[in-house]
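**Q** Modelling step: build the complete structure from the supplied sequences, incorporating the hints.
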Amino acid sequence: MRRVVVTGVGVVSALGVGVTPFWHALRAGTSGIGPIRALDCSALKFSNGAEVPGFDPLQYFDAKTAEQLDRSVQFAGVAADEAINGSGVVFVPERTAVVTGCAIGGKPTEDDTYRQLYAEGRTRFDPMSIPKVMTSASASRISMHHGITGPCYTVSTACASAAHAIGQAFWMVRFGLVDAAVTGGTEAPMTLGMLRAWEAMRVVAPDTCRPFSRDRRGMILGEGAAVVVLEDLDAAVARGARIHAEICGFGMSSDAGHLTAPSADGAARAMTAALRDARLDPSRIGYVNAHGTGTRANDVSETRAIRAVFATLPLVSATKSMHGHALGASPALEAVATVLALRDGILPPTANFTDADPECDLDVIPNHARAIHVEAALSNSFAFGGLNAVLAFRRYVG
Amino acid sequence: MPESVADRVMRVIAQAQKLPEGRVEATSTFRELGIDSLDGLNILFAIEEEFGIDVPDDAATGFTSVPEVVAGIERLLSSKTT
Numbered sequence: 008m009r010r011v012v013v014t015g016v017g018v019v020s021a022l023g024v025g026v027t028p029f030w031h032a033l034r035a036g037t038s039g040i041g042p043i044r045a046l047d048c049s050a051l052k053f054s055n056g057a058e059v060p061g062f063d064p065l066q067y068f069d070a071k072t073a074e075q076l077d078r079s080v081q082f083a084g085v086a087a088d089e090a091i092n093g094s095g096v097v098f099v100p101e102r103t104a105v106v107t108g109c110a111i112g113g114k115p116t117e118d119d120t121y122r123q124l125y126a127e128g129r130t131r132f133d134p135m136s137i138p139k140v141m142t143s144a145s146a147s148r149i150s151m152h153h154g155i156t157g158p159c160y161t162v163s164t165a166c167a168s169a170a171h172a173i174g175q176a177f178w179m180v181r182f183g184l185v186d187a188a189v190t191g192g193t194e195a196p197m198t199l200g201m202l203r204a205w206e207a208m209r210v211v212a213p214d215t216c217r218p219f220s221r222d223r224r225g226m227i228l229g230e231g232a233a234v235v236v237l238e239d240l241d242a243a244v245a246r247g248a249r250i251h252a253e254i255c256g257f258g259m260s261s262d263a264g265h266l267t268a269p270s271a272d273g274a275a276r277a278m279t280a281a282l283r284d285a286r287l288d289p290s291r292i293g294y295v296n297a298h299g300t301g302t303r304a305n306d307v308s309e310t311r312a313i314r315a316v317f318a319t320l321p322l323v324s325a326t327k328s329m330h331g332h333a334l335g336a337s338p339a340l341e342a343v344a345t346v347l348a349l350r351d352g353i354l355p356p357t358a359n360f361t362d363a364d365p366e367c368d369l370d371v372i373p374n375h376a377r378a379i380h381v382e383a384a385l386s387n388s389f390a391f392g393g394l395n396a397v398l399a400f401r402r403y404v405g
Numbered sequence: 575m576p577e578s579v580a581d582r583v584m585r586v587i588a589q590a591q592k593l594p595e596g597r598v599e600a601t602s603t604f605r606e607l608g609i610d611s612l613d614g615l616n617i618l619f620a621i622e623e624e625f626g627i628d629v630p631d632d633a634a635t636g637f638t639s640v641p642e643v644v645a646g647i648e649r650l651l652s653s654k655t656t
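Going line by line, the protein sequences match chains A and B. Here our numbering is used: the first residue of the first sequence is 8, the next is one more, and so on. Here our numbering is used: the first residue of the second sequence is 575, the next is one more, and so on.
Among the hints, erroneous ones may be present.
Claimed, not checked - EDC-like, lysine to aspartate or glutamate: derived pairs with alpha carbons at most 20 Å apart:
| # | chain 1 | residue 1 | chain 2 | residue 2 |
| --- | --- | --- | --- | --- |
| 1 | A | K71 | B | E595 |
| 2 | B | K654 | B | E622 |
| 3 | B | K654 | B | D632 |
| 4 | A | K71 | B | E623 |
| 5 | B | K592 | B | E624 |
| 6 | A | K71 | B | D610 |
| 7 | A | K71 | B | E606 |
| 8 | B | K592 | A | E74 |
| 9 | B | K592 | A | D69 |
| 10 | B | K592 | B | E606 |
| 11 | A | K71 | B | D613 |
| 12 | B | K592 | A | D63 |
| 13 | B | K654 | B | D610 |
| 14 | B | K592 | A | D133 |
Stated by the list, open to error - One-sided excerpt, in silico: chain B residues whose CB lies under 8 Å from chain A:
| # | residue |
| --- | --- |
| 15 | L615 |
| 16 | N616 |
| 17 | E622 |
Unchecked claim - Using C-beta positions, here's what the derived DEER-type ranges look like:
| # | chain 1 | residue 1 | chain 2 | residue 2 | range |
| --- | --- | --- | --- | --- | --- |
| 18 | B | D631 | A | T37 | 49 to 55 Å |
| 19 | B | G596 | A | F132 | 26 to 32 Å |
| 20 | A | A304 | B | D632 | 54 to 60 Å |
| 21 | B | G596 | A | E127 | 31 to 37 Å |
| 22 | B | E648 | A | R203 | 44 to 50 Å |
| 23 | A | A50 | B | P641 | 37 to 43 Å |
| 24 | B | G596 | A | R246 | 43 to 49 Å |
| 25 | B | E606 | A | L266 | 54 to 60 Å |
If you are wondering where the hints come from, they were derived from the structure by calculation, not from laboratory data. Keep in mind it's a predicted model, so treat the numbers as computed, not measured. From the three backbone atoms N, C-alpha and C, an ideal C-beta is built for every residue, glycine too.
**A** Next up, the structure:
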C-alpha cells in the first residue's frame, strides 16, 4: 500500500485567485464575505455572499474557450492549472486520474438559458448550453487541457462532493490503480434561482457567517474551486517534488436519517472511519477543519460528534467564515486550508466570532490564527441528505 | 450600399470565431478557418439570429465553407419571402 502526498495546490475563492491570497487571508482571519455583486438581492432576505472578486475569464482563457466554459468550469480550470504547474509533475497520461466534486453543475449558464426561455420567450439558445451545464464539465476540461487519459469522473454528493472526490482519488493512488491524481471541487451558485432556493430553506444568514458563535444566524453562500495534485510518495520524493502534506485517511458514512437535519452519530462514524483508514489514534489529531457552516443545527451536532470521537479535544476551526460555503467545492477549499495549516504550522481561525455558545464547547480558534505544529488533522464535510465524508492529513517531514 | 448576404455571413463567422475582420474571405473553407463541429453550431446560432431564420438540421450539416453558407442562406431567405 502506497503512501500518498499532496504536491500541488490551486485555489479560486472569495479571498482571491490563487493559493497565495487564500492562505494569506486565512492566516490573517480576513473574511471574503460581502455584498453580492453578481445580481440585485434587494428583494431577498439576505444580500451577503462570498464571491470571487474581479474574476475575468479572459485573463485565463482565450475568448472562444471562455465562451465554452461555464463560470464553475472556469474556476476549476484555473485552480487545476495552478495546482499542476506548481507541482511540476509530468503525468503519465493513462496512469493519472481526474476526480472532481460538484453539487449543482453549471447553474450560471442554466439560469441564463431558463430566463431567456421563460421570461424572454426566446426560442434559440447557446448551442454550448448542454456541455456547459453538465456537472462533470470540470473533469473534462482538466482532462482535455492537460492530456490526462486515465479514470476521469465527477462525484456529486451535495456539500460533501469534493471530499468524496478527493478521497476516491487518494484511494486510487494508494492502491496503485493510478500513480497520480488531480482532484478537488468547483461551484458557482450565484444565480437568482439558486439564491431564492437557498432563501426558501431559511438557512442563510442575513449578516455574516459566525460558526460556533452564540449569535450565529446561518451560512453564507460562496463560490470558487480548489484542486490538489496527489502523487505516490516514493515517486514524488524521487523527482524532488515539494511535498505540502501527506493525505493518509478517508472515511465515509450516511446518516440514513433526515433529509436536512444533521446527525452527530453519522458525523462521528465518518471521522472514526477516516482515523481507522489512516491508522491514526484520535489522540494524534491536533486540528479539525470543521464542516462548521454557521447554522444553528450543524454546529451543535458537529460539536457533539467531535466530543464523541476525541477523548482529548483537538483545536477546531471553520474556515467557511472566510471563504463562505461554496457547496460541493467547500471540502476542497478546506482540504487545501488543512494541508497548508499542517505544512506551515499555522492553524487558521474561525472568523467573525463573537460569543461562545455553551452548546459548542470547543476551542474554535476565535478570530486569530495559532502558530502550532500539529502532527495530523481532519477535514470534515457533512452534506444535506446525510452523506458524510472526512479526510485525514498528516504533516510531512522529509 | 446595404451589406450583402455574403458580407453579413463573413462578419458573423468572424465574430463567432473571434477572428479579426478580413480573415474570413468569400471563398474560405471551414477547415482553413479552423472551424470544427462545435464551432459550426455556434456559427449557425449566430446566423439564425442575424437573419431571423431557422436553418434546418439537414441543411446545416452540409456547410463546410463560406460560399456554401451564403448560398444556403440565400435559398432560405428567398423561400421565406415567397
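**Q** Against each hint, give a clear statement of whether it holds in the structure.
**A** Going down the list of hints, with the structure as the test:
no.: 1; hint: K71(A) - E595(B); in the structure: 16 Å, holds
no.: 2; hint: K654(B) - E622(B); in the structure: 13 Å, holds
no.: 3; hint: K654(B) - D632(B); in the structure: 17 Å, holds
no.: 4; hint: K71(A) - E623(B); in the structure: 19 Å, holds
no.: 5; hint: K592(B) - E624(B); in the structure: 16 Å, holds
no.: 6; hint: K71(A) - D610(B); in the structure: 12 Å, holds
no.: 7; hint: K71(A) - E606(B); in the structure: 17 Å, holds
no.: 8; hint: K592(B) - E74(A); in the structure: 11 Å, holds
no.: 9; hint: K592(B) - D69(A); in the structure: 9 Å, holds
no.: 10; hint: K592(B) - E606(B); in the structure: 15 Å, holds
no.: 11; hint: K71(A) - D613(B); in the structure: 9 Å, holds
no.: 12; hint: K592(B) - D63(A); in the structure: 17 Å, holds
no.: 13; hint: K654(B) - D610(B); in the structure: 28 Å, violated
no.: 14; hint: K592(B) - D133(A); in the structure: 16 Å, holds
no.: 15; hint: L615; in the structure: 4 Å, holds
no.: 16; hint: N616; in the structure: 6 Å, holds
no.: 17; hint: E622; in the structure: 6 Å, holds
no.: 18; hint: D631(B) - T37(A): 49 to 55 Å; in the structure: 53 Å, holds
no.: 19; hint: G596(B) - F132(A): 26 to 32 Å; in the structure: 30 Å, holds
no.: 20; hint: A304(A) - D632(B): 54 to 60 Å; in the structure: 57 Å, holds
no.: 21; hint: G596(B) - E127(A): 31 to 37 Å; in the structure: 34 Å, holds
no.: 22; hint: E648(B) - R203(A): 44 to 50 Å; in the structure: 46 Å, holds
no.: 23; hint: A50(A) - P641(B): 37 to 43 Å; in the structure: 52 Å, violated
no.: 24; hint: G596(B) - R246(A): 43 to 49 Å; in the structure: 48 Å, holds
no.: 25; hint: E606(B) - L266(A): 54 to 60 Å; in the structure: 56 Å, holds
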